[in-house]
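Trainee: Sequence:
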Amino acid sequence: MTGPDKKKLYPNKNIKTVCYISNLPKRPNVEIGEYTYYSDNQNSPEKFYDNIEHHYEFLGDKLIIGRFCAIAEGVKFIMNGANHRMDGITTYPFNIFGCGWEKVTPAIWWNWDEEKIFNNLEKLTSEAGLDKLMK
1 MTGPDKKKLY PNKNIKTVCY ISNLPKRPNV EIGEYTYYSD NQNSPEKFYD NIEHHYEFLG
61 DKLIIGRFCA IAEGVKFIMN GANHRMDGIT TYPFNIFGCG WEKVTPAIWW NWDEEKIFNN
121 LEKLTSEAGL DKLMK
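Under the UniProt record's numbering, the first residue of the sequence shown is numbered 1, with each subsequent residue one higher.
No wet-lab data here; the hints were simulated from the structure. A few of these clues could be false.
To be verified - Restraint ranges, calculated between C-beta atoms of paired labels, are given here: (1) 66 - 91: 31 to 39 Å; (2) 59 - 12: 35 to 43 Å; (3) 8 - 93: 38 to 46 Å; (4) 61 - 4: 30 to 38 Å.
As the list claims (entries may be wrong) - Once the Cα atoms are required to be at most 30 Å apart in a straight line, the calculated DSBU-like pairs of lysine-lysine come out as: (5) 26 - 13; (6) 76 - 7; (7) 76 - 16; (8) 26 - 16; (9) 62 - 6; (10) 76 - 13; (11) 47 - 76; (12) 26 - 47; (13) 62 - 26; (14) 47 - 16; (15) 7 - 47; (16) 26 - 7; (17) 62 - 47; (18) 6 - 16; (19) 8 - 26; (20) 8 - 62; (21) 6 - 47; (22) 62 - 7; (23) 26 - 6.
Computed from a predicted structure; not experimentally measured. Where is the CB? At the ideal position from N, CA and C, for every residue including glycine.
Please model the entire structure based on the sequences and the hints provided.
Mentor: Pasting the structure below:
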């Protein structure tokens, strides 16, 4: 007994709703073990990556799925990009919008105490003030 060919996209050529997702085009932030399959009766299983949400390369997180896993239709992988920091003065994800904001993500603000926030309210609530804080 040899089993299905782990290098083929469809382990059974007669069943096009199940595919070995390790044979889909590779992504640098996704690792999938051999023989792991995804089954989808509604959409092509080749659209597996559509089920990985909020997965941004610039965050550096990686989805790792082992060997011999069975992933059912409707399963969603919610990655770190869905999280918003809760330990600062804002939950707004400045860094994901780019245009300079990613360089000054409010990490400098996360540990501000109440007095420092109060003393900088004008800067925090105006565009010109934010520009000054970001320099």
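Trainee: All hints are to be evaluated individually against the structure, with a verdict given for each.
Mentor: These are the hints, each one checked on the structure:
Between residue 66 and residue 91 the beta carbon distance is about 33 Å. The supplied range of 31 to 39 Å therefore holds. The hinted window of 35 to 43 Å between residue 59 and residue 12 holds, with their beta carbons roughly 37 Å apart. The hint said 38 to 46 Å for the Cβ distance between residue 8 and residue 93, and at roughly 40 Å that hint holds. About 31 Å separates the C-beta atoms of residue 61 and residue 4, a value consistent with the hinted range of 30 to 38 Å.
Restraint check for residue 26 and residue 13: the C-alpha separation of about 22 Å stays at or below 30 Å, so the hint holds. For the hint pairing residue 76 with residue 7, the CA-to-CA distance comes to about 25 Å; that is within 30 Å, so the pair holds. For the hint linking residue 76 to residue 16, the alpha-carbon distance of about 20 Å falls within 30 Å, and the restraint holds. Only pairs whose Cα atoms come within 30 Å are accepted, and residue 26 paired with residue 16 is accepted, the gap being roughly 20 Å.
This hinted pair checks out: residue 62 and residue 6 have alpha carbons roughly 23 Å apart, not beyond 30 Å. With a C-alpha separation of about 26 Å, the suggested pairing of residue 76 with residue 13 holds against the 30 Å cut-off. Between residue 47 and residue 76 the alpha-carbon distance is near 12 Å, which keeps this suggested pair within the 30 Å criterion. A C-alpha spacing of about 13 Å is found between residue 26 and residue 47, which places the hinted pair at or below 30 Å, so the restraint holds.
In summary, the hint linking residue 62 to residue 26 is supported, as the alpha carbons are separated by about 13 Å, within the 30 Å threshold. For the hint linking residue 47 to residue 16, the alpha-carbon distance of about 12 Å falls within 30 Å, and the restraint holds. Taking the CA atoms of residue 7 and residue 47, the gap is near 18 Å; set against the 30 Å cutoff, the hint holds. For a cut-off of 30 Å, the pair hint linking residue 26 to residue 7 stands: about 13 Å separates their Cα positions.
Note on residue 62 and residue 47: the hinted pairing holds, with a Cα-Cα distance of about 18 Å set against a maximum of 30 Å. Distance hint between residue 6 and residue 16 is fulfilled; the C-alpha atoms sit about 15 Å from each other, no more than 30 Å. Taking the CA atoms of residue 8 and residue 26, the gap is about 14 Å. The hint holds against a cut of 30 Å. The straight-line distance between the Cα atoms of residue 8 and residue 62 is roughly 24 Å, inside the 30 Å bound, and the hint therefore holds.
For the suggested pair residue 6 and residue 47, the alpha carbons sit about 19 Å apart, so the restraint of at most 30 Å is met. Restraint check for residue 62 and residue 7: satisfied, since their Cα atoms lie roughly 23 Å apart, inside the 30 Å limit. Proximity of residue 26 to residue 6 is assessed by CA-CA distance (about 15 Å); at most 30 Å being required, the pair is judged to hold.
The structure meets every hint from the earlier list without exception.
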